[in-house]
Structure formats: C-alpha cells, structure tokens
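Trainee: As they're listed, the protein sequences go chains A and B.
The opening position of the first sequence corresponds to residue 1 in the working numbering, with each subsequent residue numbered one higher.
The opening position of the second sequence corresponds to residue 1 in the working numbering, with each subsequent residue numbered one higher.
These are computed hints drawn from the structure, not numbers from a lab.
Heads up, some of the hints might be wrong.
In silico contact screen, one side only, chain B against chain A (beta carbon under 10 Å); selected entries [stated by the list, open to error]:
#1 Phe-50
#2 Leu-59
#3 Lys-79
#4 Ile-124
#5 Lys-125
Examples of chain A residues toward chain B, derived with CB under 8 Å [what the hints assert, rightly or not]:
#6 Leu-119
#7 Arg-632
#8 Ala-635
#9 Ile-636
#10 Val-639
#11 Ser-641
#12 Met-642
Virtual Cβ for every residue (Gly too), placed ideally from N, Cα, C.
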Amino acid sequence: MKHSIKTLFIVSFCLLFVLAPILAQAQFVEAIAGTSILSKIMQFAGGNQDILNISSAILGFFTFTISGIAQGILNVGYYLLTWVISPDFMGPVIQDNPVVQSGWETVRNLANVALVFGLVAVAISIIVGFQETKAKKALINFIGVALLINFTPVICGVIIDFANKLMELFLSSGINYGLTKNITLGLNSSSFSFEKPIGAIAYLLFAIFASVIYFLYAFIFIARHIVLWVLVIVSPIAFASKVFPEGKYVAKIFPSITYWDEWWNQFLQWTVIGIPASFSLYLSEKIISTGSLVSTPPGDISGLGSLFAFIIPLAFLIVGFFVTVSSGGQIAEMATGYGRKAFGKIAAAGTGFVAGAYTGAKTQAALTKDEGLAKRAAYTLGGGMYGGVKTGVKEALTAKIDEKGKVASTAGLAGMVKYPFGREETKQWVTRRKEDIGLEKPGTAAGMKEKEFEPYKKSIEKLPTDKIREIAGITPTTREDNIKKFQAMQVLMEKKDLNDDNINYLTKNIKLADGYGFSKKEFAKFVPERSSQLTGKTTEETVAALTPKEAREKISVPSLSSLDVLKSLNKKQSNNILDFGTEKQRSALQGWINDPAKYQELRSHIQNLSNERATATPERQLQIDRELSNIRNTAINIVDSM
Amino acid sequence: MAIRKKPTIEIQKFIEGIVLKYGLENDFIDRDPELKQKLGAANDPEERIFIKVFYSKELRDHLQAKRPLKELLASALIKDLIEKFINKEIGIEEVEITLTKNLNLDAKTAKEIGQSIVENQQVIKEFEEEFVPGEDETMEGKSPIQRGGNPKGLNQELL
Numbered sequence: 001m002k003h004s005i006k007t008l009f010i011v012s013f014c015l016l017f018v019l020a021p022i023l024a025q026a027q028f029v030e031a032i033a034g035t036s037i038l039s040k041i042m043q044f045a046g047g048n049q050d051i052l053n054i055s056s057a058i059l060g061f062f063t064f065t066i067s068g069i070a071q072g073i074l075n076v077g078y079y080l081l082t083w084v085i086s087p088d089f090m091g092p093v094i095q096d097n098p099v100v101q102s103g104w105e106t107v108r109n110l111a112n113v114a115l116v117f118g119l120v121a122v123a124i125s126i127i128v129g130f131q132e133t134k135a136k137k138a139l140i141n142f143i144g145v146a147l148l149i150n151f152t153p154v155i156c157g158v159i160i161d162f163a164n165k166l167m168e169l170f171l172s173s174g175i176n177y178g179l180t181k182n183i184t185l186g187l188n189s190s191s192f193s194f195e196k197p198i199g200a201i202a203y204l205l206f207a208i209f210a211s212v213i214y215f216l217y218a219f220i221f222i223a224r225h226i227v228l229w230v231l232v233i234v235s236p237i238a239f240a241s242k243v244f245p246e247g248k249y250v251a252k253i254f255p256s257i258t259y260w261d262e263w264w265n266q267f268l269q270w271t272v273i274g275i276p277a278s279f280s281l282y283l284s285e286k287i288i289s290t291g292s293l294v295s296t297p298p299g300d301i302s303g304l305g306s307l308f309a310f311i312i313p314l315a316f317l318i319v320g321f322f323v324t325v326s327s328g329g330q331i332a333e334m335a336t337g338y339g340r341k342a343f344g345k346i347a348a349a350g351t352g353f354v355a356g357a358y359t360g361a362k363t364q365a366a367l368t369k370d371e372g373l374a375k376r377a378a379y380t381l382g383g384g385m386y387g388g389v390k391t392g393v394k395e396a397l398t399a400k401i402d403e404k405g406k407v408a409s410t411a412g413l414a415g416m417v418k419y420p421f422g423r424e425e426t427k428q429w430v431t432r433r434k435e436d437i438g439l440e441k442p443g444t445a446a447g448m449k450e451k452e453f454e455p456y457k458k459s460i461e462k463l464p465t466d467k468i469r470e471i472a473g474i475t476p477t478t479r480e481d482n483i484k485k486f487q488a489m490q491v492l493m494e495k496k497d498l499n500d501d502n503i504n505y506l507t508k509n510i511k512l513a514d515g516y517g518f519s520k521k522e523f524a525k526f527v528p529e530r531s532s533q534l535t536g537k538t539t540e541e542t543v544a545a546l547t548p549k550e551a552r553e554k555i556s557v558p559s560l561s562s563l564d565v566l567k568s569l570n571k572k573q574s575n576n577i578l579d580f581g582t583e584k585q586r587s588a589l590q591g592w593i594n595d596p597a598k599y600q601e602l603r604s605h606i607q608n609l610s611n612e613r614a615t616a617t618p619e620r621q622l623q624i625d626r627e628l629s630n631i632r633n634t635a636i637n638i639v640d641s642m
Numbered sequence: 001m002a003i004r005k006k007p008t009i010e011i012q013k014f015i016e017g018i019v020l021k022y023g024l025e026n027d028f029i030d031r032d033p034e035l036k037q038k039l040g041a042a043n044d045p046e047e048r049i050f051i052k053v054f055y056s057k058e059l060r061d062h063l064q065a066k067r068p069l070k071e072l073l074a075s076a077l078i079k080d081l082i083e084k085f086i087n088k089e090i091g092i093e094e095v096e097i098t099l100t101k102n103l104n105l106d107a108k109t110a111k112e113i114g115q116s117i118v119e120n121q122q123v124i125k126e127f128e129e130e131f132v133p134g135e136d137e138t139m140e141g142k143s144p145i146q147r148g149g150n151p152k153g154l155n156q157e158l159l
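Kindly generate the complete structure, drawing on both the sequences and the hints.
Mentor: As structure tokens, then:
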C-alpha cells in the first residue's frame with residue numbers, strides 16, 4: 001500500500017513537472033485568452049454552459065484534466081523520439097567523438113599489454129617445446145591481431161555507417177506528426193458521455209499507447225548510441241581476446257563484452273537494431289500519410305472506421321517494437337520488459353476504469369432509484385466516475401505484469417491484449433470489484449476461483465508423482481499453464497513431495513501462486529520457518545496454531561530440521577510427530593541429537609538464550625522460557641524415541 | 001484394541017526423584033564432569049532430565065551406537081518398567097526382580113522402590129485408566145496390543 005502511494009506520488013510529481021509548461025501553453029492560455037476555463041470544462045462535459053449541473057461539471061472537470069495530461073505526454077513522447085532519431089542527436093559514434101577516442105586509446109594500450117603477455121607465453125612455449133606447433137600457429141594470429149587492434153574504430157565504423165545509412169533512408173522524412181495531431185484533435189473534440197463513451201475512452205487509450213510506444217522507441221535509439229560507444233571503446237580488448245585459447249581462466253580475464261564472441265554478438269545486434277525500428281517508424285509514417293485504409297462500416301458502427309486510422313499505424317509500431325527488441329541483447333530485453341509492463345498496466349487501468357465505472361454507476365443508480373431523474377443521473381455519473389478512476393488507478397498500480405508469460409510472451413500482440421481480458425479471470429475480477437462496493441457477498445470471487453481450479457487439481461491428483469513434478473516445473477505462458485503449474489505444486493505439497501526448488505520458487509512467487517489457487521496458508525504450515533515471508537506471522541505463531549495431529553501432517557520434513565520450527569514445537573506436537581510420524585520425520589527430529597553439527601547448533605542456541613535471559617526484559621524472558629521449555633521437552637521426547 | 005500408554009511427565013519427575021534419592025545414576029554422572037557441574041545447579045526434576053539426556057556425551061554415543069537407553073540410565077530402566085506396568089504387561093514382582101538384577105540393588109531397596117512405584121498416585125491413575133485416544137492422537141504407526149482375559153486391578157495385583 002505504501003509502495004503504491006509512493007509510486008502514485010512520484011508519477012504525479014513527474015507528470016506535473018513535465019506537463020506544466022505544455023498545459024500552460026496550450027489549454028490554460030487558450031482558456032484565459034479566449035474562453036473561460038469553465039466554458040472549456042463545459043465543452044469537455046459535452047454540455048451547455050447555460051445548463052450547469054453537478055454531473056456535467058464533474059464529468060467536464062475529469063475529461064478536461066485527463067485529456068490535458070494525455071495530450072501532454074503524447075507530445076513529449078513524439079518530440080523526444082523526433083529529437084533522438086535526428087542525425088545530430090549525439091554526434092558521431094566514433095569519428096571526432098572525444099569520449100570514444102580517449103576511451104579507445106586507453107583500452108588499446110591495455111590490449112597491447114595483454115598481447116605482450118600472450119607473446120611471452122608463446123615464446124616460452126616454443127623455447128621449451130611445449131605444444132610447439134600450436135604455439136607457432138598462435139604466434140601468427142598474435143601478430144595479425146596486434147596489427148588489427150589499431151584499426152578497430154575503422155572496422156566498427158564501416159559496419160555502423162552502413163547500418164546508419166539504411167536507417168537514414170527510412171527516417172529521412174522524420175516521424176509523421178499526423179498520428180499525434182489526430183489524436184490530440186480527437187481528445188480536444190471528443191466529449192465523454194455515458195450514452196457514447198467509446199470515442200473519448202478510445203482517444204485516451206490511443207494517446208497513452210502512442211506515447212508509451214514513442215518513449216520505448218526513443219529508449220531503444222538512445223541505448224543504441226550509448227552501447228555502441230561502449231562497444232567501440234572495448235573493441236581492442238575484444239579483438240585481442242580472440243587469439244587466446246578458450247577456457248575458464250580466459251573467460252575470467254575477458255568477462256562479458258570484453259570477450260570476442262560476446263562482443264561481436266552484441267556489436268552486430270546493436271548495430272542493426274536501429275534498422276527494423278526505423279523501418280517500423282517508416283511504415284507507420286506511410287500508413288498515416290496514406291489516409292484511411294479501410295472502408296466506412298455500415299450502420300451504428302460507422303464511427304469505428306475512423307478509429308482504424310489510429311489502430312493500424314499503432315499496431316505496426318507495437319509489432320515493430322517487439323520485432324526490434326527480439327534481437328537486441330540485454331538492454332533491449334529490459335526495454336521489452338518495460339514495454340510489457342507499460343502495456344499491461346494500461347490495459348489493467350483501462351479495464352479497471354470500465355468495470356469500476358460500471359459497478360460504481362450501478363450501485364449509485366440502485367441507491368437512488370426512488371429519487372428524481374436528475375438526482376439519479378448525477379449520482380450515477382458521480383459513482384461511475386469515482387468507481388472508474390479508483391478501480392482504474394488501483395488496477396494499474398497493482399497489476400502484476402512482471403512475469404514474462406503474463407502479457408506479451410503469451411503470443412505477442414494477441415496475448416498482450418488477450419491476457420487482461422481473459423474471460424474467466426475478468427468475471428472473477430469484476431466480481432471482486434463488486435465485492436469491494438458491496439454488490440456481492442465477500443468471498444464470492446474466491447468461490448468462483450476455487451470452482452475454476454478444482455477440475456485441474458482433480459485430474460492432476462490422478463497422475464504419478466513424476467508427471468506432477470513435470471507439470472510443476474513448466475514455464476507458464478498462459479493463464480491455464482499457471483493454473484496447472486500451481487495446482488501441481490498444491491498436490492505435491494499435500495503429498496509432502498515439494499522439493500527445495502519448488503519451495504524457493506513458491507516463496508518468491510507466493511502472490512502469483514495464491515492467485516492461481518495455491519494455498520498460501522497451507523504452505524506457511526508446510527514451511528513454518530518461512531511464514532513471515534508468506535503470511536506475515538512468526539514461525540512461533542504459525543506452529544502454535546497447529547494441533548499436534550496437524551503439526552505431524554502439515555509440517556514438511558526439512559522444516560523439522562529448522563531451529564525456528566524446533567523451538568516452536570510444543571511437547572504434544574513433538575510427541576505426536578515422534579510417535580506417529582514417518583521415519584523421515586523422526587529422523588529429522590532425531591538429527592538434533594544424532595548429528596553433531598545440528599547438536600552443536602542447538603546447544604549454542606540454548607547457551608545464547610540462557611545468556612540473553614539474564615539481561616532481557618520480563619516480556620522477552622517469558623518468550624525465552626517458552627522456547628527453552630519447548631526445546632527441553634522436544635529433546636526429552638527425541639531421546640525417548642531413540 | 002488399545003495403544004500403549006506412556007509415562008507422563010509427572011511420572012518422569014517421580015522417577016527422577018527415586019534416582020536422586022537412591023543415587024542410582026551417581027556413577028554415570030560422576031564420569032562426566034560437565035554433566036556433574038550442570039546437574040549441580042539444577043533442582044527442577046524436568047530440567048535434570050533434560051540436562052542428562054542433552055549434555056551427556058556418553059549418552060549420545062550410546063544412542064548413536066543404537067543401544068537402548070535403559071542399559072545406561074537407571075531412570076530409563078525404571079521408566080521402561082513403569083510403562084510396562086501401567087500397560088499391564090508385567091506385575092510388580094517383575095519390576096522388583098528386574099531392578100535387583102539390572103541395577104545391582106539389594107532386595108530391600110528394590111522392594112522399597114517397587115512399593116513407591118505402586119503407591120504413586122500418578123502411576124495408579126495411569127494404571128487404572130483405560131487409554132482413549134484424544135482427538136489429536138491416532139492409531140497409525142502403532143501396533144495394536146491384544147490384551148487377553150480380564151486385567152487385574154491394582155489392588156488385586158498387590159495382593
């Protein structure tokens with residue numbers, strides 16, 4: 001929650017900082033100079049200035065503000081990208097670039113030192129006759145590379161220039177302002193109303209999508225410049241590494257991009273990454289300048305035709321972006337991650353807004369059903385806006401888009417759109433929103449979820465353990481995969497067959513697992529020593545809540561070797577495990593006496609507790625006494641069982 | 001069908017009292033200076049039991065060699081006898097005979113100990129009570145013990 005507020009605060013601050021000048025220049029100035037702000041608001045409300053009512057004022061204010069912000073971000077994105085792709089953005093990559101020149105000279109000298117050491121090694125090898133033929137061959141390579149490293153800027157420069165020329169070909173006419181302009185015009189002219197909400201929401205979404213894609217492209221072009229600088233600077237070392245034999249020590253001396261294979265791979269990727277990006281921008285520019293590519297649909301959906309004017313170029317840009325970054329190395333992967341996150345969050349916010357508005361409006365309409373028409377409309381509108389904004393923001397902030405498989409990798413663009421609108425999940429999610437505002441009983445969504453996961457669990461339970469393990473180990477790419485994976489984990493937990501990898505994975509992804517029907521509470525009982533990470537309860541609290549029989553049935557064998565669990569087990573619990581538990585459970589507990597290392601660990605702990613007790617607060621003393629009593633009783637029980 | 005009753009912690013404290021009174025584990029304690037020192041500062045019977053089972057190296061070696069505890073500790077032997085007694089597997093005579101034989105006690109001392117066992121309220125309670133598994137206990141992992149005929153009461157046993 002704190003994190004969400006912090007994020008919201010930072011985002012708001014950044015928006016204010018970035019948008020203030022734009023807003024000042026655009027709507028506000030216009031409003032002051034020509035029409036009043038009120039009339040502007042009323043225009044956005046789609047109403048008449050003469051007919052002032054609460055609902056249209058609220059609506060007008062929201063639409064005016066959101067529209068202004070969206071226009072601001074879109075323009076910033078557009079101008080940033082235009083600036084970044086201009087030839088004089090960062091100057092030349094190599095020629096006359098002082099950073100690259102001085103960096104390269106230093107690295108070249110280091111590379112020469114490395115070659116000298118290599119030559120000495122080759123000479124010794126020839127003198128003593130150790131692998132003489134190999135050494136003589138290496139000598140020729142050494143001489144060749146010693147010459148070549150002085151020309152790496154030329155070699156790199158030729159390749160980069162070739163790619164740059166191709167990019168220039170595509171980007172010669174710059175980025176078409178048409179898309180930005182049309183969306184801005186649309187945002188200015190489109191008023192929001194519950195009768196016809198599609199137009200305004202669509203323009204808003206287009207503005208956000210377009211600005212995100214502009215920012216991402218800009219990021220790719222900026223990153224390309226910087227990475228190529230670095231790669232040219234380290235090129236002498238990478239060339240020098242080519243003559244050293246492959247091996248783990250060589251890999252340590254030349255880590256990452258300083259080793260030839262990695263350097264060459266990265267260099268080619270980052271050189272050509274701009275070409276598909278430029279081509280995508282070029283194609284979208286062509287589509288925008290061509291005008292409408294689709295015919296006007298008949299009847300009530302005639303308005304949809306104009307939306308395609310935005311959908312097609314945006315789709316080209318988005319697809320082009322993912323094609324571009326698919327071959328772009330680590331930084332491009334980072335960009336892909338941001339892209340996925342951004343699109344996922346937008347989709348979550350959009351769906352959140354729609355569902356929130358629906359449920360909010362429905363509630364208010366229900367509450368005021370006996371009131372007059374005007375009052376009902378006003379409350380419905382207010383409830384809708386409130387619910388929409390609240391849920392939209394909440395969903396955007398809490399949407400989990402981190403998992404690769406969750407959004408884009410499901411199937412590119414289709415998956416990206418499909419995921420947030422997954423039918424079953426959407427139903428559950430709308431139900432949760434209804435629960436929030438009291439239209440559904442609490443727990444309805446949880447019941448729906450359980451019902452959805454039950455058949456998966458039942459079919460998994462029938463499988464042999466090996467097969468279940470296999471399912472638990474899959475890398476999920478769809479919602480169904482996630483359900484199967486976590487239901488398999490659930491079955492393994494109930495069979496006490498979760499291995500360390502499963503346990504670590506689940507601890508790390510417990511929120512996700514919980515969303516797919518894996519019981520977080522049961523898992524905390526399975527590994528009580530991790531319960532603070534899972535449920536926020538201490539190990540002692542989790543263990544204390546178990547009956548002796550539950551302690552035996554729920555706590556995993558490895559957890560019985562955890563000191564935190566041992567000191568939390570009471571006499572009856574340890575007795576039950578030792579008397580009725582499995583051989584493995586008994587052995588795990590007996591290890592505290594049998595295994596010298598475990599015994600020492602326990603002994604030191606007892607000593608520490610005794611020392612601490614002397615100076616502890618009365619409250620802590622009670623806790624220490626409880627721990628010591630548990631340890632004593634369990635130790636006595638263990639010895640009895642041996 | 002029934003599962004075995006086990007001596008309660010109260011009975012174990014009572015056993016510790018007997019051991020202390022008759023010095024039955026003096027040799028065992030004297031052999032380990034650390035154990036002797038720790039036990040010297042402990043008065044609570046429960047704490048004494050813990051110290052013996054946890055800090056004695058000899059005991060841990062003994063357990064690691066998979067040898068029964070009753071071979072080493074008089075308290076473990078008495079506990080074992082009481083467990084058999086409350087489960088009506090042996091009579092009081094056998095308790096006394098075993099004590100005489102295994103702890104090298106004279107008949108008088110063995111009889112005294114036997115007497116104190118059968119007169120102990122906790123032992124009587126356990127002896128007379130039928131074992132009913134609580135909601136947290138189960139039968140699994142334990143072989144049911146078939147008891148033949150009508151078990152004798154403690155008074156009959158003493159006659």
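Trainee: Take the hints in turn and mark each one as holding or not.
Mentor: Verification of the hints:
Below 10 Å, beta-carbon pairs count as interface contacts, and Phe-50 (chain B) has one with chain A at about 4 Å; its hint therefore holds. The closest approach between the C-beta of Leu-59 (chain B) and any C-beta of chain A is roughly 8 Å, which is under the 10 Å cut-off, so the hint is satisfied. With its C-beta approaching chain A no nearer than about 8 Å, Lys-79 (chain B) sits inside the 10 Å limit, and its interface hint holds. Annotation: interface hint on Ile-124 (chain B) violated; nearest CB of chain A at approximately 22 Å, more than 10 Å.
With its C-beta approaching chain A no nearer than about 19 Å, Lys-125 (chain B) sits outside the 10 Å limit, and its interface hint is violated. For Leu-119 (chain A), the interface hint is violated, since its Cβ never comes within 8 Å of a Cβ in chain B; the closest pair sits about 62 Å apart. Because the closest C-beta pair between Arg-632 (chain A) and chain B is about 4 Å apart, less than 8 Å, the hint holds. Interface restraint check for Ala-635 (chain A): the shortest CB-CB distance to chain B comes to about 5 Å, inside 8 Å, so the restraint holds.
Interface restraint check: Ile-636 (chain A) against chain B, minimum CB-CB distance 6 Å, threshold 8 Å, status holds. Against a cut-off of 8 Å between C-beta atoms, the interface hint on Val-639 (chain A) holds, since the closest Cβ of chain B lies about 4 Å away. Using the Cβ-Cβ criterion of 8 Å, the hint placing Ser-641 (chain A) at the interface with chain B is not satisfied: the shortest such distance is roughly 10 Å. At its closest, the beta carbon of Met-642 (chain A) sits 5 Å from a beta carbon of chain B; the interface hint therefore holds under the 8 Å criterion.
Going through the hint list in order, the structure does not satisfy hints 4, 5, 6, 11.
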